[in-house]
Amino acid sequence: MVNSADDSGLLAGSKSGAAYPATFKRPPMFIQRAWLRWVLWTLALVWFVLAISTIEVNWTRVAEGLDRGWRFVKGFLTPDFISRWKDIYAGLVESLTMTFTSTVTGVLLSVPVGIGAARNVAPRFIYYVCRSIVAVSRSLQEIIIAILFVAMFGFGPFAGYLTLSFATIGFLAKLLAEDIEDIDESQTEAIRATGASWLQLINYAVQPQVMPRLIGLSLYRLDINFRESAVIGIVGAGGIGATLNTAIDRYEFDSAGAILLIIILIVMLAEYSSGFVRKWVQ
Amino acid sequence: MNNEATPLWQHRSNRMRLLLWVGWLILVALFLFCWQVMTRDTIWAFVSDAPRQAADLGGRMFPPRWSYIEKLWIPLWDTLNIATLGTLLGILFAIPVAFLAASNTTPSRLFVRPVALFIIVASRSINSLIWALLLVSIIGPGLLAGIVAIGLRSIGFVAKLLYEAIEETDVMQIEAVTATGASRAQILNYAIVPQILPAFYGISVFRWDINIRESTILGLVGAGGIGVQLQASLNTLAWPQVTMIFVVILGTVVVSEWVSARVRHAII
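Those protein sequence lines, which keep their order, are chains A and B. The opening position of the first sequence corresponds to residue 1 in the working numbering, with each subsequent residue numbered one higher. The opening position of the second sequence corresponds to residue 1 in the working numbering, with each subsequent residue numbered one higher.
For the record, the hints were derived by calculation from the structure and aren't laboratory data. The C-beta atom is built at its ideal place from N, Cα and C for all residues, glycine as well. Among these hints, one or two may not hold up.
As the list claims (entries may be wrong) - Residues on chain A that point at chain B, a partial pick, calculated with CB under 7 Å:
1. V57
2. T97
3. T101
4. M152
5. P157
6. F158
7. I248
What the hints assert, rightly or not - Calculated lysine to aspartate or glutamate pairs in the DMTMM-like style (CA-CA distance at most 25 Å, straight line):
8. A:K86 / B:D41
9. A:K74 / A:D249
10. A:K25 / B:D170
11. A:K279 / B:E167
12. A:K25 / B:E175
13. B:K71 / A:E56
14. A:K174 / A:E271
15. B:K71 / B:D209
16. A:K86 / A:D249
17. A:K174 / A:E185
18. A:K279 / B:E164
19. A:K279 / A:E181
20. B:K160 / A:D179
21. B:K160 / B:D170
22. A:K279 / A:D184
23. B:K160 / A:E271
24. A:K174 / B:D209
25. A:K86 / A:D254
26. A:K279 / A:E178
27. A:K279 / B:E168
28. A:K174 / B:E257
Based on the sequences and whatever the hints tell you, model everything.
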């Protein structure tokens, strides 16, 4: 049976062999209409030429700067941890404490907001309130919030702490809410059938399902907050960013290289250990 | 209801509860310690003054100076160009890095892969604002510094997501193409690229969206775009202009997020 079927297939193939194209041309993956593809490519090319032509580059300044760029590369390869160590240490302590406190505060605040922003466990009115908190927090960038908070609370890590806490709420609450909306409904139903109150429902049906992911996300946010703490110092919100800004302003590229290496090292460490903790939790 | 024979149901074992309790204790202690260290130099008079300051600031910021928008069109065009050209530059470098970092396409797991992974981590851990800070001091203020900064930051992001996509490709298709006697380049072109192309477009558009956000503030350190106007307005304490710039930034971010969501939805 199998053989004969194969044979007939082969025969059919050889009979209509002329119909097969001799070469293979890959079909387009996304835009099937050829004219639309051409129009899009032309528009992209026109934009590209326009965009390039509006960039003014002072090439003599760039050429002068290459020497400085080379010094930065050398500074990065031979970092100087010693001569500015006091400033680096102070900035690092500020950054790390700021990161930790703001992550803890942000997580604590984002749990109620996240539960409120999940459609399946929150009433409609609270849902809209929490969703708008999330939207506001997510659409404003850390640095813009930092500018406002520095103007209100004065320079220093306290403004940075508030900034990072606020940014954490938007990030975590959104992901937590999406996670709660995706939970297994049969478990909620089972707990509800025992006559559990709303709090018990959250504690026994929702919390066990989202906890591993919440821990993972919190660790990820810890990592992000550290990276951001290196940036908001530029506008005066404390942390290692201020030290880095000063080092670059003074053209002390070896100290700047040392700070960047420390940042990279801590981020790598955080990523590695958070992967370890996530494996342990799940 | 409960007598000796039917023990009360407990969520966790005693050992687990003790562990949890110790964990919470450590967390709280660490928090308090960090809080102490962090607020050592905080001047609380400024903090308690904050509501008054906020009200004052709010009074200064509103209403926004709507007429200022005429001066913002060109910086906005620059900002969009920084984000888009920077994304293209980042993608250009990210593709080879991703192929070198993916364990199934890298030429050498022992030597090349760690280097590629280090490039990814270094690029990812340093925010584009810091890259911009460095580049402004190296090649001078202007759009070019912004584009290169965005590009450098994008390499790590795009390469990381792309190499994960490459590692997740279906081995069967690669085997099938290999069986036809294809060369290594042909295997890449016909077995791996078609599999990662949707992910690649998705990642690129996603990064473009993030880059739009980030390029709006690069001007704070002199790397061109609308941030230059923001910095100038902040320095002259022209708060109504600052509000106007915030409105424009917010609008741009919302639109770019919408575009990116639509495109990703269409692709995936």
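Outcome of the hint check:
1. V57: Nearest chain B Cβ about 5 Å off; hint holds.
2. T97: 4 Å, holds
3. T101: T101 (chain A) check passes; min Cβ-Cβ to chain B is 5 Å, inside 7 Å.
4. M152: This interface hint holds because 5 Å falls under the 7 Å limit.
5. P157: Hint holds; P157 (chain A) Cβ to chain B Cβ min 5 Å, cut 7 Å.
6. F158: 5 Å, holds
7. I248: With a minimum Cβ separation of about 5 Å from chain B (threshold 7 Å), the hint on I248 (chain A) holds.
8. A:K86 / B:D41: 16 Å, holds
9. A:K74 / A:D249: 17 Å, holds
10. A:K25 / B:D170: 22 Å, holds
11. A:K279 / B:E167: The given pair, whose Cα atoms are some 20 Å apart, holds under the 25 Å limit.
12. A:K25 / B:E175: 20 Å, holds
13. B:K71 / A:E56: 18 Å, holds
14. A:K174 / A:E271: Judged against 25 Å, a Cα distance of about 22 Å means the pair holds.
15. B:K71 / B:D209: Cα-Cα ~24 Å, so holds.
16. A:K86 / A:D249: Holds, at about 18 Å.
17. A:K174 / A:E185: 20 Å, holds
18. A:K279 / B:E164: 18 Å, holds
19. A:K279 / A:E181: 24 Å, holds
20. B:K160 / A:D179: 24 Å, holds
21. B:K160 / B:D170: Status holds; Cα separation ~18 Å.
22. A:K279 / A:D184: The hint holds at about 22 Å.
23. B:K160 / A:E271: 13 Å, holds
24. A:K174 / B:D209: It holds: about 18 Å lies between the C-alpha atoms, which stays within 25 Å.
25. A:K86 / A:D254: 15 Å, holds
26. A:K279 / A:E178: 22 Å, holds
27. A:K279 / B:E168: 19 Å, holds
28. A:K174 / B:E257: 15 Å, holds
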